[in-house]
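Let the hints inform the model, and build the full structure from the sequences given.
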Amino acid sequence: MLTLGRRWISAGLALLLASAAAAPPSTGGPQTLAYVIANFNNAVYETQFMDECPEGPAIGNDEMWWRGLSRADRDKLTENGLVQPVDRRFASVLRGPKGEDVCWNPTVIKEPPLRTVQGVVSYGFNLDGSNDDQATPKSCPHKNFVSERGTPGVDNQMYRLLGCHYGWRHNGVLDTFGNEERRNSGRGVILMEITGVTDPRNSPDVRVAFYRAADPFSIDAAGRILPYASYRVDSNAGKPRYGAVARGRIVDGVLTTEPIDAKLPFYANSAFAEIQLRDMHLSMDLTPGAAGSVQGLVGGYYDFDKWWEYMLKIEFLIATGDWSCPALYTAARELADGYPDPKTGDCTAISSAFKIDALPAFAIHTTAVEARR
Amino acid sequence: MMRVRSRLALICSLLSGASLLAACSRSEPPTTGAPVTVRRLTEAQYRNAVADIFGNQIVVAGRFDPIVRTAGLLAVGAGRATITPFGVERFAALAHSIARQVVAPGNRELLIPCQPAAPAAGDDGCATLFFQQAGRLLYRRALRPDDIATPLKIARAAAAARQDFYGGLAYGLQVMLTSPEFLFITENAEADPANKDVRRLDGFSRASRLSFMLWNTTPDSTLLAAAEQGELAGQDGLEQQVDRMMGSARFKQGVRAFFTDMLSLDDFSTLEKDTLIYPAFGLAAAEDSREQVLRTLIDELVTRDSDYRDIFTTRRTFMTVPLGMVYRVPATRPGGWAPFEFAADDPRAGIQTQLSFVALHSHPGKSSPTLRGKAIRELLLCQKVPDPPGNVNFDNFNNPNSPNKTARLRLAAHATDPACAGCHKLMDPIGLALENFDGAGQIRLTENGERIDASGDLNGIKFADARGLGQAMREDPAATSCVVRRAYTYAAGRPIDKGERDWLAYLEQSFADDGYRLRPLLRRIALSNALQTISKLKPEPRAGGAT
Numbered sequence: 001m002l003t004l005g006r007r008w009i010s011a012g013l014a015l016l017l018a019s020a021a022a023a024p025p026s027t028g029g030p031q032t033l034a035y036v037i038a039n040f041n042n043a044v045y046e047t048q049f050m051d052e053c054p055e056g057p058a059i060g061n062d063e064m065w066w067r068g069l070s071r072a073d074r075d076k077l078t079e080n081g082l083v084q085p086v087d088r089r090f091a092s093v094l095r096g097p098k099g100e101d102v103c104w105n106p107t108v109i110k111e112p113p114l115r116t117v118q119g120v121v122s123y124g125f126n127l128d129g130s131n132d133d134q135a136t137p138k139s140c141p142h143k144n145f146v147s148e149r150g151t152p153g154v155d156n157q158m159y160r161l162l163g164c165h166y167g168w169r170h171n172g173v174l175d176t177f178g179n180e181e182r183r184n185s186g187r188g189v190i191l192m193e194i195t196g197v198t199d200p201r202n203s204p205d206v207r208v209a210f211y212r213a214a215d216p217f218s219i220d221a222a223g224r225i226l227p228y229a230s231y232r233v234d235s236n237a238g239k240p241r242y243g244a245v246a247r248g249r250i251v252d253g254v255l256t257t258e259p260i261d262a263k264l265p266f267y268a269n270s271a272f273a274e275i276q277l278r279d280m281h282l283s284m285d286l287t288p289g290a291a292g293s294v295q296g297l298v299g300g301y302y303d304f305d306k307w308w309e310y311m312l313k314i315e316f317l318i319a320t321g322d323w324s325c326p327a328l329y330t331a332a333r334e335l336a337d338g339y340p341d342p343k344t345g346d347c348t349a350i351s352s353a354f355k356i357d358a359l360p361a362f363a364i365h366t367t368a369v370e371a372r373r
Numbered sequence: 001m002m003r004v005r006s007r008l009a010l011i012c013s014l015l016s017g018a019s020l021l022a023a024c025s026r027s028e029p030p031t032t033g034a035p036v037t038v039r040r041l042t043e044a045q046y047r048n049a050v051a052d053i054f055g056n057q058i059v060v061a062g063r064f065d066p067i068v069r070t071a072g073l074l075a076v077g078a079g080r081a082t083i084t085p086f087g088v089e090r091f092a093a094l095a096h097s098i099a100r101q102v103v104a105p106g107n108r109e110l111l112i113p114c115q116p117a118a119p120a121a122g123d124d125g126c127a128t129l130f131f132q133q134a135g136r137l138l139y140r141r142a143l144r145p146d147d148i149a150t151p152l153k154i155a156r157a158a159a160a161a162r163q164d165f166y167g168g169l170a171y172g173l174q175v176m177l178t179s180p181e182f183l184f185i186t187e188n189a190e191a192d193p194a195n196k197d198v199r200r201l202d203g204f205s206r207a208s209r210l211s212f213m214l215w216n217t218t219p220d221s222t223l224l225a226a227a228e229q230g231e232l233a234g235q236d237g238l239e240q241q242v243d244r245m246m247g248s249a250r251f252k253q254g255v256r257a258f259f260t261d262m263l264s265l266d267d268f269s270t271l272e273k274d275t276l277i278y279p280a281f282g283l284a285a286a287e288d289s290r291e292q293v294l295r296t297l298i299d300e301l302v303t304r305d306s307d308y309r310d311i312f313t314t315r316r317t318f319m320t321v322p323l324g325m326v327y328r329v330p331a332t333r334p335g336g337w338a339p340f341e342f343a344a345d346d347p348r349a350g351i352q353t354q355l356s357f358v359a360l361h362s363h364p365g366k367s368s369p370t371l372r373g374k375a376i377r378e379l380l381l382c383q384k385v386p387d388p389p390g391n392v393n394f395d396n397f398n399n400p401n402s403p404n405k406t407a408r409l410r411l412a413a414h415a416t417d418p419a420c421a422g423c424h425k426l427m428d429p430i431g432l433a434l435e436n437f438d439g440a441g442q443i444r445l446t447e448n449g450e451r452i453d454a455s456g457d458l459n460g461i462k463f464a465d466a467r468g469l470g471q472a473m474r475e476d477p478a479a480t481s482c483v484v485r486r487a488y489t490y491a492a493g494r495p496i497d498k499g500e501r502d503w504l505a506y507l508e509q510s511f512a513d514d515g516y517r518l519r520p521l522l523r524r525i526a527l528s529n530a531l532q533t534i535s536k537l538k539p540e541p542r543a544g545g546a547t
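Quick note, the sequences are listed as chains Z and B, same order. Counted from 1, the first sequence has number 156 at position 156 by the working numbering; the numbering is strictly sequential. Counted from 1, the second sequence has number 392 at position 392 by the working numbering; the numbering is strictly sequential.
Calculated from the structure, these hints are not laboratory results. One or more of the hints may lead you astray.
Stated by the list, open to error - Listed next, with one range per pair, are the computed distances between beta-carbon atoms:
(1) B/A412 to Z/I219: 39 to 47 Å
(2) Z/P204 to B/N448: 32 to 40 Å
(3) Z/A290 to B/K384: 37 to 45 Å
(4) Z/G129 to B/D345: 44 to 52 Å
(5) B/P403 to Z/G129: 56 to 64 Å
(6) Z/A291 to B/L409: 25 to 33 Å
(7) Z/I219 to B/N448: 26 to 34 Å
(8) Z/I219 to B/A93: 30 to 38 Å
(9) Z/V251 to B/P400: 39 to 47 Å
(10) Z/I219 to B/N401: 32 to 40 Å
(11) Z/V251 to B/S402: 50 to 58 Å
Said to hold, decoys possible - Not everything, but these chain B residues come out facing chain Z in the computed CB check (under 10 Å):
(12) L276
(13) A280
(14) G282
(15) L283
(16) T320
(17) P322
(18) G324
(19) M325
(20) Y327
(21) P330
(22) R333
(23) P334
As the list claims (entries may be wrong) - The following residues of chain Z were derived to be distant from chain B, with all beta-carbon distances above 10 Å:
(24) N39
(25) S218
(26) L226
(27) Y231
(28) G289
Yeah, the Cβ is synthetic: ideal placement off N, Cα and C, and Gly gets one too.
In structure tokens form, the structure reads like this:
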């Protein structure tokens, strides 16, 4: 049996009716809203590039390699410049003293420091509860940002780390390609389900769950993701493979959740990953826009090892993403600001935030028997 | 018709004796019948016949000449269809393809009942056996000796020329597949031994009527055997076959075909929606919406054996993901069909609120109360709406800058033209009740920012919205009368004859007595004398005048 109850409502219809002057009577009881996440991007605050990155763009792997070559080696290794960065990316990483891959061995060489964000404004959450830059029991010393609305204490060192790479900025290849690839491949589709909704605009106590969908996106002929599609929750023996549940509330149409440790399913740039966030926060404006779409922000302390594992999986993109593995790794270690290791004192996670766009959808829960069909 | 029915009902209501009542409700009135028909196989019938005779693995890849809907049904239009020269080429190409597949290795072992003595030469014995078996099913009757003479001759010559028995057999089969005996359902009449004043269909013709009515395919071997042995002329034998057929899984196929015809679902083949306006209504949604209404009807009328009138109010249906995106409801079985029930307060109830109706009877980029009202009148109530005058002026209605924001207001302005008002009064009050569904069938509460008023009336019964319209249709005797007329017309494959009025009144009364259930209605038609009664031959007019 399918566990979809009679108390669901479609997200879009519920909000449509809620905003209508003479909505039909409610079916009674708490309702469920569900969304499929269409775009998942690093939350990079952008104005003028030089405002955030006065030192200029981060120098990438290829440039580091190129600058380290003699004129003769440049001609030889690039066939007099005919081999382009995208085609020499696997050669450029082998610049360790013994020809090691410097992405898999980022500490075997030392390179100039990464150019990082110097701006003061960022998207994100105050994860450690502190407005100053001092260490707390759950954070290492770090330089806070202020939010775009002027709120102090924003923790998003991932932005500081990546914000000067063209590949991670708006319309940069990495997030853009990741979103398109998810759309086309159907892998790593994330569902967000809100249960216990008594009123789509104001509900004091809701639960927010993140699942991985077992079905690809429903898209139209132009490749756009369609709203109101149904997606099975990816389950094993009737139990969702992912299913982090946060407690939250909706106030004036804005959903916020209490911090939880969560694993979010993720697929981008031909790599399955797992976004492992501690103290995950969520803020989402549920006021429907075009096609019922909603926007929000999710953030937390991203487990460093999980993050670096993803970087290694997408190593083949360094030529287009413009990063130097040793410089990136070293900077990331220095910027990691969450959950210090009790023994070493080094932080094991880095504060992060992601912008998400979502469309109304239906999350279909199946039992083990149904799943086997 | 309504007058006749009312008269009959009045007479019956005045009768007090139980036996008289029984006679009133159960005796089938005699009819004068109508001439035999010659009907071209529809595309679905052709495909079903090939699949049933040779198997589902035979691919029928080709297009068919269209049939013009007549008297509301393609089944009647098939009796007036011809085959164009281009159509002949298509049928020949199809026959060639099918015949090659039948004799191909892998199929020949199953479909050819013998093996040739030498595969590189002809074998008249084996070929004859094959043509006898296949021909009986293809021609839907016992074969005459000359039926297989030509195929056999062709097969023999081709086998000799190609030094390939199976290649020759394919040529012979191709002859049968392009024969009018296969492509046309040709009925024959015979004298009724019990009543020399009446003619009736012969056994094989009756078998075909039953088979195409109940299964939409060619008679199977059992039915042909019953016809051959004269069992269909007797009530017991006929009942046995009809009950067997209605108990078969193919019965659903037959009911689907009937409603496909009655609801004009073939119009889906030309349905277009502007995907910029309605991105969710793509090809998959269109295909699924056609299937959805058929599944709904089969579930209600065959599986549940419900009251026919419930189809105008039911909230039960089936859902897929593409449909769910248009309806904005969950599909609980992604990748397939799942039962679904709209909530009690949902605006949708009845097949007239499903996409197959509201999207099909709309424009590519907007709804159409007029088209929807016309469709309800013509398809579901069997009431003819006159065609619009040739010089109709749509300026008021189509003006994009019209101050009239809703279709109701625009139609009101348009209908001030006396030439238009008469017909619009028939259509618009019904169609406007469906205005909460846009051109793709999606729910909407407003149009151009103006709240939609979905009230209306049907023959004087007023209602507030689409659900009210469904209730009004449920109570309208024209709805049940319509399905009775359509079912009989569909079964007979010809328009209703004026000599069949009492029979239809009786049929409608019986339908009511049976709780408006479809199964008893179809069974009564299948077992009726009316279905097999053929009108007397009129003397041929003399040519050339008196001599």
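Going through the hints against the structure:
1. In this structure, B/A412 and Z/I219 meet the distance hint of 39 to 47 Å, their C-beta atoms being roughly 40 Å apart.
2. Range check, Z/P204 to B/N448: about 37 Å between beta-carbon atoms, so the 32 to 40 Å window is met.
3. Look at Z/A290 against B/K384: about 44 Å separates their beta carbons, and that is inside 37 to 45 Å.
4. Taking 44 to 52 Å as the suggested C-beta distance range, the pair Z/G129 and B/D345 conforms, at roughly 46 Å.
5. Hint check: B/P403 to Z/G129, Cβ distance near 58 Å, so the stated range 56 to 64 Å holds.
6. A hinted range of 25 to 33 Å for the beta carbons of Z/A291 and B/L409 is consistent with their spacing of about 28 Å.
7. Between Z/I219 and B/N448, the C-beta spacing of about 29 Å keeps the proposed range 26 to 34 Å intact.
8. Range check, Z/I219 to B/A93: about 37 Å between beta-carbon atoms, so the 30 to 38 Å window is met.
9. The hinted window of 39 to 47 Å between Z/V251 and B/P400 holds, with their beta carbons roughly 41 Å apart.
10. Range check, Z/I219 to B/N401: about 35 Å between beta-carbon atoms, so the 32 to 40 Å window is met.
11. For Z/V251 and B/S402, the Cβ-Cβ distance of about 41 Å falls outside the hinted range of 50 to 58 Å, so the restraint is violated.
12. A least Cβ separation of about 9 Å between B/L276 and chain Z falls short of the 10 Å threshold, and the interface hint therefore holds.
13. About 5 Å separates the beta-carbon of B/A280 from the nearest beta-carbon of chain Z, less than 10 Å, and the hint is met.
14. Proximity of B/G282 to chain Z holds as hinted, the smallest CB-CB distance being about 6 Å (cut-off 10 Å).
15. Interface restraint check: B/L283 against chain Z, minimum CB-CB distance 8 Å, threshold 10 Å, status holds.
16. Given hint, B/T320 at the interface with chain Z, holds; its Cβ is 9 Å from that chain's nearest Cβ, closer than 10 Å.
17. Among the interface hints, the one on B/P322 holds; its C-beta lies about 7 Å from the nearest C-beta in chain Z, closer than the 10 Å criterion.
18. The interface hint given for B/G324 is met, as the beta carbon of that residue sits about 5 Å from the closest beta carbon of chain Z, less than 10 Å.
19. Annotation: B/M325 was flagged as interfacial toward chain Z, and the flag holds, the nearest CB pair being 5 Å apart, inside 10 Å.
20. Nearest Cβ of chain Z to the Cβ of B/Y327: about 8 Å, under the 10 Å cut. The hint holds.
21. Against a cut-off of 10 Å between C-beta atoms, the interface hint on B/P330 holds, since the closest Cβ of chain Z lies about 3 Å away.
22. Residue-level restraint check for B/R333 holds (minimum Cβ-Cβ distance to chain Z is 7 Å; threshold 10 Å).
23. Hint status for B/P334: holds, given a least beta-carbon distance of 5 Å to chain Z, under 10 Å.
24. Every C-beta of chain B lies more than 10 Å from that of Z/N39, the closest at about 17 Å, which supports listing it as non-interface.
25. With a closest Cβ-Cβ approach of about 6 Å to chain B, Z/S218 is found to fall inside the 10 Å limit, against its non-interface label.
26. A beta-carbon of chain B is positioned within 10 Å of the beta-carbon of Z/L226; the least distance is around 5 Å.
27. At the 10 Å boundary, the C-beta of Z/Y231 falls inside the reach of chain B, the nearest C-beta of that chain being 7 Å off.
28. Against the 10 Å criterion, Z/G289 stays outside the reach of chain B, whose nearest CB is about 15 Å from its own CB.
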